[in-house]
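*Asks:* In the order they appear, the protein sequences are chains A and B. Residues 82 to 535 in the numbering used here are what the first sequence lists, from first letter to last. Residues 82 to 535 in the numbering used here are what the second sequence lists, from first letter to last.
Since the hints were derived computationally from the structure, they do not count as laboratory data. Note that this is a predicted model, so its numbers are computed, not measured. Zero decoy hints are in this set.
Intra- or inter-copy, both count: the list cannot distinguish identical chains.
Under the rule of at most 27 angstroms between Cα atoms (straight-line distance), these lysine-lysine pairs were calculated in the DSS-like manner: (1) 488 - 395; (2) 429 - 320; (3) 320 - 428; (4) 458 - 267; (5) 320 - 415.
There are 2 protein chains.
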Amino acid sequence: MKTVLDYLKVNQPRFLEELGEFLRFPSISAQPEHRGDLLACAKWLTQHCASIGLTAKLCPTKGNPIVLARTPARSGRRPRVLIYGHYDVQPPDPLELWHSQPFEATRRGRNLFARGSADDKGQLFAHLKAVEAYLKTGTELPCDLIFVFEGEEEVGSESLTPFLRQMRKQLACDAVVVSDGDMPAKDMPALTYGLRGTVALEVTLRGPARDLHSGIFGGSVENPATALCRLLAQMHDAKGRITIPGFYDDVRPLSALERKELRRIFGSEEKYRRMLGVPKLHGEAGYSSIERTVARPTFEINGLTSGYQGPGGKTIVPAWSRAKLTLRIVPGQKPEKVLKSTIAYLKKLCPPTVRMEITDAHGSTPYLVEPTSTHAKAALRALQAGFGKKPVLTREGGSIPIVNDFKQVLGVDTLLLGIALPDANIHSPDERLDLDCFAAGQRMSAWLWQELAR
Amino acid sequence: MKTVLDYLKVNQPRFLEELGEFLRFPSISAQPEHRGDLLACAKWLTQHCASIGLTAKLCPTKGNPIVLARTPARSGRRPRVLIYGHYDVQPPDPLELWHSQPFEATRRGRNLFARGSADDKGQLFAHLKAVEAYLKTGTELPCDLIFVFEGEEEVGSESLTPFLRQMRKQLACDAVVVSDGDMPAKDMPALTYGLRGTVALEVTLRGPARDLHSGIFGGSVENPATALCRLLAQMHDAKGRITIPGFYDDVRPLSALERKELRRIFGSEEKYRRMLGVPKLHGEAGYSSIERTVARPTFEINGLTSGYQGPGGKTIVPAWSRAKLTLRIVPGQKPEKVLKSTIAYLKKLCPPTVRMEITDAHGSTPYLVEPTSTHAKAALRALQAGFGKKPVLTREGGSIPIVNDFKQVLGVDTLLLGIALPDANIHSPDERLDLDCFAAGQRMSAWLWQELAR
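Could you put together the complete structure from these sequences and hints?
*Replies:* Set out below in structure tokens:
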């Protein structure tokens, strides 16, 4: 490994120049006029993969092409790992808030500023540089590697699932590695081992055939807005727990280790409260804010609609009311089962004075890699070796849809190893990549192939 | 009275021709281009008042003119009664649903079809014809009468209160009579002796400083939409009673007589339910639908707003939520007191996790003429004599703001003696005046001056 690590050390300046070239493409997938830039960027990336010794090709899709690269074919059986990344970026607007040109990578101190520097060009580049170090120094790679870089992540990854399905055999692997997120702090490299899933639905309550004059008819019919409030008020108990029968049955409890790890990464509750601007934090009793947001399920109203919403007043009993709802579900819970019990509960609570309609119901599966599994342990060792710091185990409260795609189509777990810092300004002006994290990420990647093969 | 009644009987055909002329003016106050038609209509009405023997003049206002007419000055003290009406009308749209021209009064059977025939030209005309009968037959009028006809009722009566204030001395009277509503059925002439008042307010709950990603932050803060639902769900108990402390203290209970009268006029609950299109009627336990709508207070949500309301979903914890609320209050209750206790209660219930703002708070006073008062009894006798049917005592659930103006500025009660039928299509195509009710209304008016002076 010394040869590999030395190669990485010595070549950092060149890596930054190359990354600067990669960052020069305004590969903005949300804007159709940049389609050509996406293609040019993908071509550059393909050539770059080839130049470091990978077999690389551009795969056309209905949208932007996918770059597929792999380490040279060898005989013998070793672990095969798929590394995912994306070369498309968010629009750079508002431009006036940038302190340097978004598509001219600019170094200031230990940061490289550019759109895409952290999300995700810089992160995927760390893996490429690690592999380059093996290939260029003639060091034997303990794993076979497949690289899949898409160009539509920022617009919904529509071409990725069909591509995975179509290429299923060629992409068969033992694990997926994704570096497209963040780590809690510079001294806290992290393995994100869990994600929440979702269950979404829209509930409409219909009362009178039309809006009624509240003077003439008010008092004789159930107000659908009131009925909706009464219904939704019953979804939590006094302790902030969701009242849907059996809702917590499948929830994987947090272990002592997990709670300890989450405590390590979370700062002050008061600072968090101030950052969100709420007068008081609130949630399920018995859990800290980070536990509530990453490891406990929730029931949220995303939108409420009923009656008159314009200026002034309108004295009506509205004909209907509607709530857009999402539940965040956690490892152990299944979206289909939660959706079913949620709908059954809502129907049971619905008074006979209104008619209930449920629409737009769908869900996504929560994600968990056992933090004590072989893969997770290998990742933790690689993080420790690469960053020289004790890594943390963390979870995220949101969902990353592609992770479910990998599980469903390829049947394998994903190791989420983000190397961006929380203040990397992802999707914002002055997006930046911390160069220490970039270099540590390369070392972590180099170690990862060792550790996964152990 | 025989002379007066005979005059009315003989002259019905002429009255209809005159009413036809009155109805020809498209005096649509909502449409600025009809301003000239309103003036022409007011002039015609002034001349008509003069032609039947009243002293009449056109009083300019900031809006449309008010027609002020009175019976000839006489010495001696007799009851003085102010008769209010309005010569402006609603727009006739949608025109294609009319079976005859809205501004060409058309007789079909016992109905006269035209915009304004029932609301309110035909109704005010009945009073004018009754007075004409006295004046033209030289019969002594037991009361002195003042007529006030405005041209802005359909757009908020903005000029009326300043006019009443300014003319306060000239308009001093013992009672006001208004025929601008309906009676429950052709065989049920009615005195509307009570109206509900209102208390309106807007409640906003503010949580996080901005909409939050429900995946990243959901679970750690109170959702303002959920908080609003929990708050509003507490405003009624399981029996449909409003839970604001002391809310019912001042509510005037319904007497046995009142409940009996309301039962007389109300049809089947099932028919009513079907008309409203609700699966089941709902309201305060212990009261019938009509009691709930005319004589019991209510708490209604008129509008709910929070978060994302467009197509599809958006996984956010909304930054704020809002409800537009109105309470209907009943005789005995005072808007200021109810508003105060409502706000105090909402603030008490508001959790510390959100900030509450109350805006747009205002109210109007409920109205009641004691059904056993001298004036009410006189009106009931006049209804009996004019229609030849036993009149009913009824209340309405809505508010009629001018009634409060008369009480406040002139210090007198209003007798509400509507002679339109519930299916007169007021504000709708094919508006009509039942000619039997029109004739009976004239007789009722003629008797009313007798009865009020008894």
